Amino acid sequence: MKKLRILTNGLLKENPVLVLVLGTCPTLAMSVSVVNAIAMGLAATFVLICSNAVISLLRKVIPDTVRIPCYIVVIAGFVTLVQMLMEAYLPDLYDMLGVYLALIVVNCIILGRAEMFANKHNVLESALDGLGMGFGFTLALLAMAIIREVLGNASFAGHAIGFLQNYKIPILVAPPGGFLVFGCLIALVAAVTRGKAPKKKTFDCEGCPSASFCRKDCASCGVNTEKGGEANGNV
Amino acid sequence: MNRPKFNVKSIIVLTAICLIVTALLAVTNHFTAPIVEKTRQQKIEASLKEVLPDMTKMEEITDLPEGTPSTVKAVYRINDDEYAIVLATSSAYSSKDMGITVGMSKDGEILGVKLTSYFESKDFGKDTYPQNYVGKNSANYTDVDTFSGVTYSSNALKRAIGDAFECLKLVGGGAAE
Chain R
0 MKKLRILTNG LLKENPVLVL VLGTCPTLAM SVSVVNAIAM GLAATFVLIC SNAVISLLRK
60 VIPDTVRIPC YIVVIAGFVT LVQMLMEAYL PDLYDMLGVY LALIVVNCII LGRAEMFANK
120 HNVLESALDG LGMGFGFTLA LLAMAIIREV LGNASFAGHA IGFLQNYKIP ILVAPPGGFL
180 VFGCLIALVA AVTRGKAPKK KTFDCEGCPS ASFCRKDCAS CGVNTEKGGE ANGNV
Chain S
0 MNRPKFNVKS IIVLTAICLI VTALLAVTNH FTAPIVEKTR QQKIEASLKE VLPDMTKMEE
60 ITDLPEGTPS TVKAVYRIND DEYAIVLATS SAYSSKDMGI TVGMSKDGEI LGVKLTSYFE
120 SKDFGKDTYP QNYVGKNSAN YTDVDTFSGV TYSSNALKRA IGDAFECLKL VGGGAAE
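Residue numbers (numbering that gives the first Met the number 0), protein chains in the order written: chain R, 0 to 234; chain S, 0 to 176.
Hints listed in this document are in silico derivations from the structure and should not be mistaken for laboratory results. None of the values given here were measured: they were computed from a predicted structure. Careful, some of the hints might be misleading.
Below, simulated DSS-like cross-link-like pairs (lysine-lysine); rule was C-alpha separation at most 25 Å, straight line [stated by the list, open to error]: (1) S:Lys72 - S:Lys95; (2) R:Lys119 - S:Lys8; (3) S:Lys56 - S:Lys42; (4) S:Lys125 - S:Lys42; (5) R:Lys59 - S:Lys8; (6) S:Lys168 - S:Lys105; (7) S:Lys72 - S:Lys37; (8) S:Lys168 - R:Lys167; (9) S:Lys121 - S:Lys168; (10) R:Lys167 - S:Lys121; (11) R:Lys59 - R:Lys2; (12) S:Lys105 - S:Lys37.
Pulled a few chain S residues facing chain R out of the computed Cβ check, cut under 8 Å [stated by the list, open to error]: (13) Asn28; (14) Glu65; (15) Leu114; (16) Phe118.
Beta carbons are placed, not taken as given, at the ideal position from N, Cα and C, and that holds for glycine.
Chain R with its partners taken away, still in its complex shape (with noise of 0.2 Å):
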């Protein structure tokens, strides 16, 4: 039961995008496209699951002092490893994600469950958290890329929709269009999972990078405790 609820976390409730605001930045970016959300939500998702459970296994070994930057050798390991084999095997798929496929290492979502969950749990568990997570930032983007390319460019997966074509909403595949759609998911996510949330202790020292480091509240190192603050400054 409680696999499973670690597993459904990531899906509405503790949504890495839609509630805990995190990622961003690809989300904005390649939602405009129904193929390009899967791709990278799936590229996304490899990389969750394996740097977690490598992560949770090297959990012990792995001393506090450089475990940041531990994490990011093995996320941006595993992030290149997605790249050489999308590159030889999905070069389409690759050249449409281009840039934003280097970017994974920087997402916020990976290092957020890397250092909240991964370094706390065990393997299993931490595989599950990243199935879960992965599925959830999937989820967000394609229903952020359905609203935007369906709406705005009268198309669904690069095929056009007839009836469609004299109502595009052109602003919907423009960066503003896109804050417009991401708000819109917000409210309605916040609107459904009412109570169900995160509260804001979820968002205080333990969840900071460097609160080992500074020891102190919050409010000295200018982490924003207040809800939603943990997303400041995410990728």
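Given the coordinates of chain R, work out where chain S should sit on it, guided by the hints.
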């Protein structure tokens, strides 16, 4: 603020993780590099047909003359009187090279331009913007305007076109003048 305490174990663990990750990537690269190279060759061959659609005969000039710009990766003589020059922009411009194939007549007129790889987040219409160079020669190719907001890539493309003219001059015996 307390300074973090580093010890020998920290250094060893971080070094070991770096080495293991590097080794894994080296193994992966060993298997994927030949496939990537094969795909790249296929893309280049397809681009040759695109920039010079009348191509019936193709011969690679393997012995490039001294002074050929370093951005020139391959030169093909097409149908005896046309040339296709494959270029990759310098990595000084970006983390990943822009791949360009330029088709030229022996007289130094651009017959076709194709971007075979482009990895920047800001697009200048990679299928349309390069077509502005079609019909240009070494005297007037600099007249093509840079694309607003994509200035670095536009300039990198222009420099590459300039290198193609330089190369054509060397392999075509000054025909590009």
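- Item | Numbers of unmet hints, in rising order | Of the numbered hints given earlier, those the structure breaks are 8, 9, 12, 14, 15, listed in rising order.
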